[in-house]
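So the protein lines, in turn, are chains A and B.
Going by the working numbering, 64 is the number at position 64 of the first sequence; the sequence numbering is gapless.
Going by the working numbering, 62 is the number at position 62 of the second sequence; the sequence numbering is gapless.
Since the hints were derived computationally from the structure, they do not count as laboratory data.
The structure presented is a predicted model; accordingly, all values stated were derived computationally and were not measured.
Watch out, some of these pointers could steer you wrong.
[Said to hold, decoys possible] Just so you have them, the derived chain A footprint on chain B, three or more residues with Cβ under 8 Å:
(1) 188-197
(2) 250-257
[Claimed, not checked] From chain B, some residues computed to sit far from chain A (all C-beta separations above 10 Å):
(3) 33
(4) 52
(5) 80
(6) 107
(7) 169
Built from N, CA and C at the ideal position, the CB exists for glycine as well.
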Amino acid sequence: MTETELQVLAEIRRIAADELEWKGAVEPTHDLLKDLQLDSLGLTVLAVGLENRFRIRLSEEDAQEVRTVEDLARLVAQRAAASGAPAPRTPEVRP
Amino acid sequence: MHSSAPGQDTSPFIRAVGRALPPHYATQEQLIAAFRELWARKHFNLERLEDLHRAVQVGGRHLALPIEAYPPLTTFQQRNDAWIREATALSEVVVRQALDKAELAPSDVDHVFFATVTGIATPSIEARVANRVRFREDFKRTPLFGLGCVAGAAGLARAADYLRAFPTHTALVIATELCSLTLQREDLSIPNIIASGLFGDGAACAVLRGAAAPGAKGPRVVASRSVFYPETERVMGWDVVDSGFKVVLSAKVPNLVKDHIRGNVDGFLAEHGLGRKDVRHWVAHTGGPKVLKAFEEALELEASTLERSWASLREVGNLSSASVLFVLGETLEDAGARPGDWGVMMAMGPGFCAEMVLLRW
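All chains, full assembly: derive it from the sequences and hints.
Below, the structure is given as structure tokens:
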């Protein structure tokens, strides 16, 4: 995984733990629906969290090509690179 | 042959339902515009949030206060004080209206059940209403807090249970919910944003009388059934925080409906020798578009069967416990029910749980 993809992975893990009450591991090969048991609300929370952190937009069409955590990390990293906005190197401090 | 244990002749009846909405109204687009600046403090893709607000299919909401009166309410105490004041006033309106429709007086009331999940008050709201409408000094009070959206149906079922023991008595079931006064403006989480798009303010009051009470009748509450779904505490509810009630909302709600309601309803009806085809009137809580769709699919209902619930959702949003009583009131007054018709009232709420009520006209 690239450096940006690793940052996305870290953010996915943070969102899963802090906002989705997910207590298990989050690995790149994990299926978002089957392994992380994300429902429609969980997927929205995850998408919004990544949009906020990486200043990108994800769409319904994007969901077609994303099955695993790794797929999502790759997509977000590509979108962040295309947007020209540098991905933050340090996590935001949130209350 | 239809059994109707515990016995139709002892079944209490619903005499009338009063309903009221606060005078302040905002369209969904006005509310989105009001929220947009707040959302921009944290969120990048505001169009996604606007779409979430539109996806709940609510056209607008009645609000306890004018929209500009909300931002200055920054503490739980300020919001709850406003809630007590407005909840008392709106409850008084629906009590007077319901008693007028039932051609009864406050002095005829023996027991008041008061349901809410959007504010707290001690003494509870029905005591404050009593000081305005003058119930008798021996009227009984049962405040219900924490049942959430299911409390309209559950409150009506508990009132019916009471009236089986006291068949000459009259009970009120008041459901008053001012969801707008629970809104945590600083909570920019997706569940809170969805909740802020879905829930509205309103109050309803059902008048029930025991089987031996004199005067005009109405549809009977033949039976009820509660269903508790274990290990579902985090599906819906409040986290009570320093600033008030922070919403807990999971997308599992429609799935729970899909997975369980058919078996629950079929089992309940079968106890009375009935099947779904025998039911002419379905009175469903307006949980949201996905919940109503799940009801329709799980129970294989015709598209128009839940039209009253869909219309209520579009017009005023989810009024929590008051919603199902709004739909019940409209069914009583407009459905053209004939003697012998069967009806099922159903709602779900935090627990997670469901309440079904079997009605017969």
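We went through each hint and held it up to the structure:
1. 188-197: holds (count 4)
2. 250-257: It holds: at least three residues are needed, and the segment 250-257 of chain B offers 4 whose Cβ sits within less than 8 Å of chain A.
3. 33: 20 Å, holds
4. 52: 7 Å, violated
5. 80: Holds, because the least Cβ-Cβ distance between residue 80/B and chain A comes to about 23 Å, which exceeds 10 Å.
6. 107: 49 Å, holds
7. 169: Given that every Cβ of chain A is farther than 10 Å from that of residue 169/B, nearest at about 44 Å, it holds.
Checked against the numbered hints above, the structure breaks only hint 4 and satisfies the rest.
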